[in-house]
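Participant: Line by line, the protein sequences give chains A and B.
Position one of the first sequence corresponds to residue 25 (this note's numbering), numbered consecutively onward.
Position one of the second sequence corresponds to residue 2 (this note's numbering), numbered consecutively onward.
Quick caveat, the hints were computed from the structure, so don't treat them as lab data.
A quick note: this is a predicted structure, and the numbers were derived from the prediction, not measured.
Hints are supplied without guarantee of correctness; some may be wrong.
Said to hold, decoys possible - Simulated pairs of lysine-lysine, BS3-like, Cα-Cα distance not exceeding 30 Å:
id	chain 1	residue 1	chain 2	residue 2
1	A	K286	B	K383
2	A	K49	A	K239
3	A	K198	B	K397
4	A	K349	A	K152
5	B	K282	A	K143
6	B	K397	B	K336
7	B	K397	B	K383
8	A	K307	A	K147
9	B	K135	B	K153
10	B	K397	A	K267
11	B	K168	B	K217
12	A	K198	A	K239
13	A	K292	B	K383
14	A	K49	A	K198
15	B	K211	A	K267
16	A	K267	B	K336
17	A	K239	A	K307
18	A	K267	B	K383
19	B	K282	A	K152
20	A	K239	A	K143
21	A	K286	A	K49
22	A	K198	A	K147
23	A	K144	B	K168
24	B	K136	B	K113
25	B	K168	B	K136
26	B	K545	A	K286
27	A	K292	B	K545
28	B	K190	B	K336
29	A	K307	B	K336
30	A	K286	B	K529
To be verified - Here are the in silico distance ranges between beta carbons for each label pair:
id	chain 1	residue 1	chain 2	residue 2	range
31	A	D293	B	E508	24 to 32 Å
32	B	R290	A	Q294	52 to 60 Å
33	A	R92	B	G246	44 to 52 Å
34	B	L561	A	G85	52 to 60 Å
35	B	D349	A	G85	43 to 51 Å
36	A	M317	B	A404	50 to 58 Å
37	A	R268	B	R532	33 to 41 Å
For every residue, glycine included, the Cβ atom is placed at its ideal position computed from N, Cα and C.
Given next are the chains, with one letter for each unit.
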Amino acid sequence: MAGEDGFKKLPSELQLQLATTAHVKYIQSLDARKDDYDYWLTEHLRLNGLYWGLTSLHLLGHPQALPRAETIDFVLSCQHDSGGFGAAPGHDAHMLSTVSAVQILALVDAFDELETRGKKGGKAQVGKYIAALQNRQTGTFAGDEWGEEDTRFLYGAFNALSLLGLLDLVDVDKAVDHVVACANFDGGYGVSPGAESHAGQIMTCVATLAIAGRKDLIDADRLGRWLSERQIAGGGLNGRPEKREDVCYSWWVLSSLAMVGKTHWIDKDQLAGFILSCQDPEKGGISDRPGDMVDVWHTVFGLAGLSLLEFPGLQPVDEVYCLPKSTIERVLGK
Amino acid sequence: MPPKGKAAPKPKGTENIKPSTSSSNSTSSPAAQQPTTSTSPSGNTPTAPSTIGERSQQRFHESRPFDAARQKLGLSGLSQAEQTGWVSSQLAARSSTSTGSSRRTTPRLGPKAQRELWRHVNDASLPIRTLKNKKSAPTPADVWGTDRAGQKIAGYSIARYEERAAKRTALTALQVTSRAFREARERAKRGLVVTRDHREQPIVLVESAKDVQEEKQRRRQMAALRRELYGEMTGEFRQDPEWDGVEPIPQVEPEAALATISYPEEYAEAISYLRAVMLQKEYSPRCLRLTDHIISMNAAHYTVWLYRAANVFALQLPIPDEIDWLNGVALANLKNYQIWHHRHLLVDNYYPTLASGPPSTLSRFADSEREFLSAILAHDTKNYHVWSYRSYLVSKLGLFDAAEIAAMAALIGDDVRNNSAWSHRFFVVFSDPRQSTPGTAATDADPAVPREVVDREAQYAMDKIYLAPQNQSAWNYLRGVLVKGGRGMRSVEGFVSEFVRGLGEGEEREDVLSTHALDLLAEICKEKGERERADLCLRRLGEKWDRIRVGYWEWRRRCLDDGQ
């Protein structure tokens with residue numbers, strides 16, 4: 025595998041260290057990469073990217089590395105009158121970018137700014153936008169007015185609304201029923217009833233139930249077993265049987281295990297070693313497999329995974345929200 | 002004061018006043034000048050200019066024949082003839098070009114003086130206009146500027162410059178005709194009235210396809226000339242008469258944006274046109290083509306897909322045609338998920354037509370969809386979005402049939418570890434409305450499923466397990482089938498035992514062909530109340546056969562004691 029060659033190139037002492045400074049520099053450099061074609065090809069992820077980058081910095085213990093005022097300005101510039109946020113200024117509002125916006129504002133403690141400088145209606149307007157995307161027949165959520173439905177949007181809605189304290193705007197019971205209907209014969213959950221179990225979808229379903237306070241509906245043993253099977257030789261985790269390992273599953277699988285209290289069902293040391301071997305210790309950032317190109321998506325989920333493994337040098341992360349525990353404590357007063 | 006009478010014309014070449022290149026150590030002293038001879042401004046034959054810069058320089062000085070000498074020697078340093086020559090040319094220049102405000106500074110000569118002046122000017126062939134320098138061009142050569150490569154045009158040879166001038170003329174000519182084309186359209190739009198014989202008539206735009214072709218050609222030529230002459234790039238859309246009348250909306254970034262976006266020009270231009278037409282909610286063939294164009298550059302652009310769908314539906318295009326187009330895009334963009342959501346929308350839209358027509362239409366459509374799904378899955382057998390679409394299709398069109406199961410069997414035949422195919426098979430078999438209870442959870446037993454089906458599926462799983470005993474998918478499938486059929490795990494004890502030999506009989510003799518078998522055996526033993534054997538299975542898994550999950554196996558051992 026190509027990944028293994030990259031792994032061997034690293035001096036062994038670097039393999040087991042967290043390259044904090046390099047990661048911080050990498051994230052700070054992301055905005056300046058305007059000559060990368062990839063940069064404009066991924067403009068529909070711009071606000072999400074900011075959430076991934078900022079969360080990474082918070083977990084690394086460098087929350088000030090991106091300027092707070094400009095962050096807030098940028099987030100607010102993506103907002104529409106409907107209350108929803110687009111992925112970048114001028115982009116239509118969408119659930120995913122709205123959720124990222126709420127998470128970013130939570131990180132930098134800027135809900136007040138949302139009330140005073142956001143679109144008319146402040147937090148309530150954002151809540152209204154999200155709530156309107158629920159399909160009241162099935163309980164699930166669409167991403168926008170075009171109607172694509174996915175459990176990711178359901179989780180996003182619950183995540184954002186609970187942070188805003190507005191979960192009562194939606195039909196929680198119906199949503200919970202929908203999640204339960206997505207449970208599969210192998211113990212996992214899919215994107216919709218009958219669809220293949222997938223670690224990403226599992227995380228969204230389980231976290232939704234956690235936020236709704238209905239973890240009792242999860243067959244934790246069967247799910248835990250399916251999740252533990254994601255670990256392959258070498259320590260990495262995959263997302264479905266017989267697929268390749270990928271650092272981002274360090275988050276989707278591990279946070280799901282954490283939510284049902286079964287993280288000891290995988291080999292934590294091997295997983296930590298795998299994540300660390302996916303770092304670029306010179307230029308910073310984390311990739312999906314050792315030796316591949318880094319990106320901010322894999323960076324945040326690799327770091328979040330290491331945080332869940334209690335790796336030294338990282339702030340504790342909340343497994344339900346993928347935000348620092350300190351942020352959740354501040355916002356939800358837990 | 003102008004000299005009286007007509008002086009003998011001075012032969013050229015003898016009087017040495019060279020305006021442009023008078024060297025600083027010119028030896029001509031006032032005394033050496035002949036007071037009675039008129040000075041010829043073009044006192045000598047200048048060398049032919051090799052560049053237009055040189056030519057400009059020469060012309061500049063030719064129009065100011067006494068300036069160089071005057072600046073060097075001062076007015077009093079000039080000869081009588083030179084002085085009068087200078088004064089005359091000043092007067093002539095001012096009076097011939099005086100307009101408006103400069104009239105105040107122009108001296109007013111009486112008619113007699115004027116006649117004298119002009120006679121002198123004529124005799125001495127004085128220039129009556131002087132070239133001036135512009136602030137932006139401090140020397141005469143500077144006025145030509147630079148070409149697209151940054152080279153000074155002043156350095157061009159005369160011939161090369163003529164070529165350039167010809168191109169500029171060509172460009173102007175094209176622009177004139179192009180403007181006429183555009184104005185004709187504008188007039189028709191405004192509905193301007195022609196009153197040739199005082200009757201009001203609306204203007205009818207008479208424009209043939211040939212006219213549009215010619216205009217396109219013209220614009221291409223204009224774009225090429227602009228690029229060549231000035232290095233200006235003309236966007237594709239500006240060159241296309243089809244897009245006249247749409248004013249593109251460029252991206253406006255907030256100042257000092259934290260995450261600014263910059264684009265390659267062609268893409269930026271296309272997106273700016275997209276914004277314009279989306280704002281106006283235009284649905285037309287040209288918009289459809291625009292979405293195709295953008296998708297070809299960036300198939301991940303989320304909004305353009307939605308707008309395309311809106312166009313397809315508004316224009317009521319035949320859905321099969323759109324699907325044909327989509328197939329091409331899907332094959333070129335295997336990792337893209339918007340493509341599959343688009344297909345989802347198309348089928349949603351098409352379904353009423355299918356459902357209300359003869360059954361053969363629907364089955365033909367189902368077949369063509371299946372065919373394409375096979376083709377695309379051949380490239381990426383586990384693409385989650387494709388499979389997600391497939392589940393949707395099966396539900397929507399009611400394809401819980403033998404053909405679908407056969408398709409799954411084919412895929413599993415190719416790769417027995419294709420978890421997506423296994424998962425889909427489970428869905429097709431156990432969610433078939435003809436032989437299942439609607440609303441039953443996947444994890445619950447369902448008495449509505451016929452016994453033969455449960456037998457068949459269990460056997461299928463077992464057959465495949467023989468091919469690859471460590472394949473998770475097949476073992477998960479087997480368990481799922483047994484649960485659905487309401488059967489205990491021990492109904493397959495014999496089968497499971499085939500994969501575990503010599504358990505607990507030492508390293509030499511113990512042979513486990515499948516950890517999943519050992520796992521299931523532990524469960525069976527527990528079901529039967531054989532605690533010791535169950536514990537042995539789990540211990541061996543944690544110690545040797547599946548060490549990475551030792552945390553799990555230990556927990557299972559503890560559960561044996563809890564009687565869970």
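Participant: Taking the hints in turn, state whether each one holds.
Facilitator: Do the hints match the structure? See the list:
1. K286(A) / K383(B): holds, 28 Å
2. K49(A) / K239(A): Violated. K49(A) to K239(A) sits at ~39 Å, over the 30 Å cutoff.
3. K198(A) / K397(B): holds, 22 Å
4. K349(A) / K152(A): Cα-Cα ~26 Å, so holds.
5. K282(B) / K143(A): This hinted pair holds, its Cα atoms lying about 24 Å apart.
6. K397(B) / K336(B): Holds, at about 24 Å.
7. K397(B) / K383(B): holds, 21 Å
8. K307(A) / K147(A): violated, 38 Å
9. K135(B) / K153(B): Roughly 17 Å separates the two Cα atoms, so the pair holds.
10. K397(B) / K267(A): holds, 29 Å
11. K168(B) / K217(B): holds, 19 Å
12. K198(A) / K239(A): Holds, because 15 Å separates the two Cα atoms, which is no more than 30 Å.
13. K292(A) / K383(B): holds, 28 Å
14. K49(A) / K198(A): Distance of about 44 Å is beyond 30 Å: violated.
15. K211(B) / K267(A): violated, 57 Å
16. K267(A) / K336(B): holds, 15 Å
17. K239(A) / K307(A): violated, 41 Å
18. K267(A) / K383(B): holds, 9 Å
19. K282(B) / K152(A): holds, 25 Å
20. K239(A) / K143(A): violated, 35 Å
21. K286(A) / K49(A): violated, 34 Å
22. K198(A) / K147(A): Between K198(A) and K147(A) the Cα gap is close to 24 Å, so the pair holds against 30 Å.
23. K144(A) / K168(B): Given that 30 Å is the threshold and the Cα spacing comes to 57 Å, the pair is violated.
24. K136(B) / K113(B): violated, 38 Å
25. K168(B) / K136(B): holds, 27 Å
26. K545(B) / K286(A): holds, 21 Å
27. K292(A) / K545(B): holds, 18 Å
28. K190(B) / K336(B): violated, 45 Å
29. K307(A) / K336(B): The hint holds at about 27 Å.
30. K286(A) / K529(B): holds, 27 Å
31. D293(A) / E508(B): 24 to 32 Å: holds, 26 Å
32. R290(B) / Q294(A): 52 to 60 Å: Hint holds: Cβ distance 53 Å, inside 52 to 60 Å.
33. R92(A) / G246(B): 44 to 52 Å: holds, 45 Å
34. L561(B) / G85(A): 52 to 60 Å: violated, 44 Å
35. D349(B) / G85(A): 43 to 51 Å: Cβ of D349(B) to Cβ of G85(A): about 48 Å, so the range 43 to 51 Å holds.
36. M317(A) / A404(B): 50 to 58 Å: violated, 42 Å
37. R268(A) / R532(B): 33 to 41 Å: holds, 39 Å
Comparing the model with each numbered hint stated earlier shows that hints 2, 8, 14, 15, 17, 20, 21, 23, 24, 28, 34, 36 do not hold.
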